[in-house]
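S.K.: Given next are the chains, with one letter for each unit.
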Amino acid sequence: MADIKINPRRKYLRPEKLPHFFCSGCGCGQVLNYYTQALEELDMDPEKMVHIGGVGCTARIPVYIKTDMLHGVHGRTLAWATGIKMMKPDLPVVIFAGDGDLVSIGGNHMIQAARRNLDVTVVMVDNMNFAMTGGQVAPTTPEESVTMTTPYGSAEPRFDTCRLAIAAGATHVERWTTADRVQCKDAMKRALQHKGFSLIEIVSQCPTHYGRYALGTGDPQKVIDWIKDHTYKLTTADSISEEEKSGKLPCGEFYRVSRPIYQGTTVMSGKEDK
Amino acid sequence: MPKKKASKERVLSGVHFMLGNYATVEGAISAGCNYFAGYPITPANEISERMSQRLPQVGGKFVQGEDELCSVFSLAGAALAGGKVMTATASAGYNYMQEGLGYCYAIEAPMVIVDVQRTRGDNFASQADVYQMRYGASGDYEAIVVCPSSVQELYDYTIWAFNLAEEYRNPVIVMSETTIALMRERLDIPTADKIELYDRRYTKKTPDEYHPFEALANQCPEAAPIGEGYHTIYSLNPHDEYGNIDWDPIVFDNLYKRVTGKITENADKICRTESYMMDDADYAIVTYGSEFRPSIDAVETARKEGIKLGVLKLCNVWPVPENAICEVAGNVKKIFSVEMNLGKYVREIERASKNKCEVVSVTKNRGFVHTTDEIMTEIRKGVL
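Just so you know, the sequences run in chain order A and B.
To convert, count from 1 in the first sequence and add 61; that's my numbering.
To convert, count from 1 in the second sequence and add 15; that's my numbering.
You may find that some hints are simply not true.
Derived SDA-like pairs (lysine to any residue); straight-line CA-CA distance at most 20 Å [as the list claims (entries may be wrong)]: (1) Lys127/A / Gln72/B; (2) Lys109/A / Glu337/B; (3) Lys220/B / Glu108/A; (4) Lys127/A / Glu64/B; (5) Lys149/A / Lys272/B; (6) Lys78/A / Gly244/B; (7) Lys109/A / Tyr245/B; (8) Lys219/B / Glu108/A; (9) Lys272/B / Pro253/B; (10) Lys78/A / Lys272/B; (11) Lys127/A / Gly244/B; (12) Lys78/A / Tyr225/B; (13) Lys72/A / Tyr156/B; (14) Lys149/A / Tyr245/B; (15) Lys149/A / Glu224/B; (16) Lys109/A / His226/B; (17) Lys127/A / Gln79/B; (18) Lys78/A / Glu224/B; (19) Lys149/A / Pro253/B.
Distance ranges between label pairs, derived from CB positions [said to hold, decoys possible]: (20) Asp106/A / Tyr257/B: 19 to 25 Å; (21) Thr327/A / Arg135/B: 37 to 43 Å; (22) Thr327/A / Asp295/B: 22 to 28 Å; (23) Asp106/A / Asn233/B: 32 to 38 Å; (24) Thr327/A / Glu243/B: 28 to 34 Å; (25) Tyr150/B / Ile322/A: 37 to 43 Å.
It should be emphasised that the hints constitute simulated quantities derived from the structure, not laboratory data.
Note that the Cβ used here is the ideal one computed from N, Cα and C, for glycine as well.
Please construct the entire structure, taking both the sequences and the accompanying hints into account.
M.R.: This is the structure in structure tokens:
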């Protein structure tokens, strides 16, 4: 017993909250792990930051971080963040949102915050379904997938959240999968250092629901393999035919530009006639 | 409760002839409001418009959000970040805000919400949302709703609302109405040293000693600044005094009894009423908001006709000023409940009267405030 090693990044967590409540094989634990690595490498203290989770499995990630956090309402993460950033512009705000939270119920907030270039980091864990509620179809569910509310397959096309964010005005957008552990960590580091709206989408395995209903397997490794088969890296995109890319999500750093950040809807420059 | 005076550069001291919605804004600016988020809706637009001009002048932030949910949730974020925050909307927009209000009641975020009450779908005068003001959000909570009846009171009560919000760490609703919001009237703004303001209590404890939701049963907890090491979870979910999400029945019980108890047990301190000609009254009108205006005229008419009528004006409808209503019920033969809906708040008046006298409901939902004649017709019938 004396040889038990304590993970050095446990200092970022609330020990009384552990063990976490994620299903075994869920990608949310991996994302939390990558995130604490990013914090450590940047020497950032979560106690001097604010973290936000809405509702859903992903929204539970920041509950385990020792930090000020807002939690428990579905889809309004970016509205909370807007108020915080207006009062404390220098306070780093990081949002963990599932695909349902961010682009279903919270879709308009996401689009508008991206347009305004609100200075926040959004980590979207895309497990391709509503998991906490039992595996219903989401706007990110691949077409024809069987879920609890698409027994005959999903007849709706899926969102490409990264393209949506770029079109809306986000200034830093990347997509990776839970299998890309170094890339995820580095993407989060870039996001934490970026001044403006960062969206890091991480395609993640939900063996409990999406795996079992859509893919016919509850084995997390098999779900990760399926995700790998249904994504491709931007760096190798040229060597892949358009036919092979069809129905697959590209992964990589899509976009990173500098643009003035949001400071309010109307701001006095000091030159106005009084 | 830390008290202070309003800051001079925020207060437009003097006599004005001002629009009600503008008076609301000036009340907020005087009270130290430094964050406003709104979404266009008639008849509340002049509040957003003037705020967009005034807040940047005093170093505040103005946001026109994508919807009312952005308004109310960004208020929660800004309030936790130390802001004195306000939004303004009208009945239909207030519907949308209920989700956010539920969260704000749960995490005890101080804020002021102005609801310029209107008829459904249009902008005529109404008080039909008097219950929605109080019962719109899900879950157990207590609302504080103040109800001005004039442009002057829109200014005064908005300051009062900010003070109540800070003192009890609770959303406070200013129940404005089309009638007064779009009316121009005389407004006397006092000098800054005459305006007393309260600020929320911030903890002096270290993060290790601090328990974010620990408070006596009739109090709100001390606040802590965010991003400074107090690692607090502000969750809608049931939470214990440490802020831990917990589904133990005792945690539910303690939390919901305290967030309601801090209002109900202080109701006498919160509630305000005003009495007119009540000393010798045989009959009383109990009313609130703009319906006070024809009611006071009815007193004059009734007295000329030999009817000893008085008015009890409720300055706030929630929590219910039960003691004041009960006292009136014990002293008169009949109470006339005058309101601009088909009979809602009359139920509260009946309950608070404890059967000490008959309560007559005088109602109207036709887009306009009662005329004095309409009220007098009911009074004459009632005193026969």
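S.K.: Any hints from earlier that this structure breaks? Give me their numbers in increasing order, please.
M.R.: Violated hints (numbers, rising): 1, 2, 4, 5, 10, 13, 15, 17, 19, 21 and 22; every other hint is consistent with the structure.
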